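> Read off the chains here:
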Amino acid sequence: MSLARALRLVGKGPERHALQTGEVDAVIDTANGNVLLLPEAKRALSAAGGEPANGLLAALPSRDYLHLLGEFELVPLALGQVLYQPGERIRHVYFPNDAVVSLLVVLELKALEVCLVGREGMVGVPLALGVERASARAMVGGGGTALRMKAAGFRAELERCIPLQRELQRYAHAKLLLARQSAGCSRFHQVEERLAYWLLMAHDRMGVSGMQVTHELLADMLGVRRVGVTNAAGNLQRRGLIKYHRGDIRVLDRRGLEAAACSCYRIVKTLAG
Amino acid sequence: MRLRLYVAGGAPNSVLAIANLAALCRKHLQVNFKLEIIDVLKFPRRALADGVLVTPHLAKLSPAPAARIVGNLSDSGSVRLALGIAT
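Taken in order, these protein sequences are the chains called A and B.
For the first sequence, our numbering assigns the number 1 to the initial residue and increments by one for each residue that follows.
For the second sequence, our numbering assigns the number 1001 to the initial residue and increments by one for each residue that follows.
No lab work stands behind these hints, which were simulated from the structure alone.
Note that the coordinates shown come from a computational prediction; the quantities given were computed from them, not determined experimentally.
Possibly wrong hints are sitting among the right ones.
BS3-like mimics (lysine-lysine), calculated; alpha carbons at most 30 Å apart, straight line [unchecked claim]:
hint: 1; chain 1: B; residue 1: 1060; chain 2: B; residue 2: 1034
hint: 2; chain 1: A; residue 1: 243; chain 2: A; residue 2: 110
hint: 3; chain 1: B; residue 1: 1060; chain 2: A; residue 2: 150
hint: 4; chain 1: A; residue 1: 42; chain 2: A; residue 2: 150
hint: 5; chain 1: A; residue 1: 150; chain 2: B; residue 2: 1027
hint: 6; chain 1: A; residue 1: 12; chain 2: A; residue 2: 42
hint: 7; chain 1: B; residue 1: 1060; chain 2: A; residue 2: 12
hint: 8; chain 1: A; residue 1: 269; chain 2: A; residue 2: 243
hint: 9; chain 1: A; residue 1: 42; chain 2: B; residue 2: 1042
hint: 10; chain 1: B; residue 1: 1060; chain 2: B; residue 2: 1042
hint: 11; chain 1: A; residue 1: 150; chain 2: A; residue 2: 175
hint: 12; chain 1: A; residue 1: 150; chain 2: B; residue 2: 1042
hint: 13; chain 1: B; residue 1: 1042; chain 2: A; residue 2: 12
hint: 14; chain 1: A; residue 1: 42; chain 2: B; residue 2: 1060
hint: 15; chain 1: B; residue 1: 1034; chain 2: A; residue 2: 150
Covered by chain A, per the in silico footprint, the following chain B stretches (three or more residues, Cβ under 8 Å) [as the list claims (entries may be wrong)]:
hint: 16; stretch: 1009-1019
hint: 17; stretch: 1044-1055
hint: 18; stretch: 1063-1072
Just a sample of chain A residues kept apart from chain B, beta carbon distances all over 12 Å, derived [unchecked claim]:
hint: 19; residue: 82
hint: 20; residue: 112
hint: 21; residue: 131
hint: 22; residue: 158
hint: 23; residue: 172
hint: 24; residue: 181
hint: 25; residue: 233
hint: 26; residue: 252
hint: 27; residue: 254
hint: 28; residue: 259
hint: 29; residue: 262
The beta-carbon is built from N, C-alpha and C at its ideal position, and this holds for glycine as well.
If we strip away everything but chain B, and leave its shape as in the complex, we get:
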């Protein structure tokens, strides 16, 4: 699975989103994922080009169907659902 997470540096919700996503990946995907983290404070153009409106924003790039989730990813149930990960 290819994932891309857009964050705003070390802002609280961004830190939380990274930690939540890392925990979820470790638990459910083990080594079977590739995660790219983009700091929009450093690369603002990337966010604009990819249609990102807020951070944190997680994009599932592959496999299809593509999905996007906004917020700090605290609700692991709905994040798993959006990513299509079985419990």
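The shape of chain A in the complex, shown without the other chains:
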């Protein structure tokens, strides 16, 4: 529904002012009781199919979800932004909407990605397991937004909300499986198939075919030299599976990319969803 129509529906009064300052999500048509969403709200909700964008939150009963919303703030996450360093106290947990966060183990000066968190999960799992400090570096691998909650609020909600406990236990188990798989993958699989695997995981988590990520960041994430990523991305592009231009990667042929990825993608998908 357009702003002009919304303004016509509400007439004068404080509703009009709130509409003009962009603080309204929906207008109720008093003629028929229909709820009409404004374009911005419609975009935000339809990106998530009308449900919470984050999968863990979408799995909760709506009563619990609405209660939790009171503890959240919606924050933008910028590419390359570091949310935690290893050993740091976890101040917030993050439930990504369309952002993707990479968890990296840091050894000497090098970093290797062990896990990718997107709209299927949460950043700050140690807190759900009773550990207050981060064990990995959490760095934004794909910019977007997330719902953020303070650590103290999260602990209190976790104690109160059994469905949230259940979802996070299931998620932590899936992450454990993923970490095991990653250990083998980084030791035995080639850069090109690992890059294809990473792109598929990111594609699943972001829900869009295009993503902003530099070769440098990819090299860090895969624990290889930059030239290795450049060659691998070049090969995938020549095979018509992706399009890469100045940090913008687009998946062109998802099936082809699945065939090009190492077996880890299929295994992780089967075991952990």
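Since chain A is already given, all that's left is putting chain B on it; use the hints.
Using the frame of chain A, we list chain B on its own:
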């Protein structure tokens, strides 16, 4: 204090309104309030029956005088004023 907040699911202004209101209640009302959140996408009839024209919409039901505030409640000063909460 009894409050009722009408929201449109997880739409951005609704999320913001809930967060702003929760922060305000924690800071100024502690345990002395009851908040009901109504998602008009799930219960559209409630909004119509209660005369709600837009979301987010906060209604103060008691104590008197009743009050209503529309928008994402970012201006905590005017929200406190409308609810009659002293600084």
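> Now tell me if each hint is right for this structure.
Hint check:
1. 1060(B) - 1034(B): Given pair residue 1060(B), residue 1034(B) holds - Cα atoms ~10 Å apart, limit 30 Å.
2. 243(A) - 110(A): 28 Å, holds
3. 1060(B) - 150(A): 27 Å, holds
4. 42(A) - 150(A): 27 Å, holds
5. 150(A) - 1027(B): With a Cα-Cα distance of about 15 Å, the restraint between residue 150(A) and residue 1027(B) holds, given a limit of 30 Å.
6. 12(A) - 42(A): 24 Å, holds
7. 1060(B) - 12(A): Holds: residue 1060(B) and residue 12(A) sit about 21 Å apart, inside 30 Å.
8. 269(A) - 243(A): Roughly 24 Å between the alpha carbons, so the hint for residue 269(A) and residue 243(A) holds.
9. 42(A) - 1042(B): Distance ~15 Å between residue 42(A) and residue 1042(B) Cα, so the pair holds.
10. 1060(B) - 1042(B): Answer holds: residue 1060(B) to residue 1042(B) is near 21 Å, not above 30 Å.
11. 150(A) - 175(A): Judged against 30 Å, a Cα distance of about 22 Å means the pair holds.
12. 150(A) - 1042(B): Roughly 28 Å between the alpha carbons, so the hint for residue 150(A) and residue 1042(B) holds.
13. 1042(B) - 12(A): 27 Å, holds
14. 42(A) - 1060(B): 28 Å, holds
15. 1034(B) - 150(A): 22 Å, holds
16. 1009-1019: As far as the stretch 1009-1019 of chain B goes, the hint holds, because 10 residues have Cβ atoms under 8 Å from chain A.
17. 1044-1055: Held - the stretch 1044-1055 of chain B has 8 residues with a Cβ nearer than 8 Å to chain A, which meets the minimum of three.
18. 1063-1072: holds (count 5)
19. 82: Holds: least Cβ distance 24 Å, greater than 12 Å.
20. 112: 34 Å, holds
21. 131: 26 Å, holds
22. 158: Non-interface label stands for residue 158(A): nearest chain B Cβ at 17 Å, farther than 12 Å.
23. 172: 24 Å, holds
24. 181: 32 Å, holds
25. 233: The claim holds: residue 233(A) sits with its nearest Cβ about 34 Å from chain B, beyond 12 Å.
26. 252: 31 Å, holds
27. 254: The claim stands: residue 254(A) keeps its Cβ more than 12 Å from every Cβ of chain B (closest is about 28 Å).
28. 259: The claim holds: residue 259(A) sits with its nearest Cβ about 36 Å from chain B, beyond 12 Å.
29. 262: Non-interface label stands for residue 262(A): nearest chain B Cβ at 36 Å, farther than 12 Å.
In this structure, none of the earlier numbered hints is contradicted; all agree with it.
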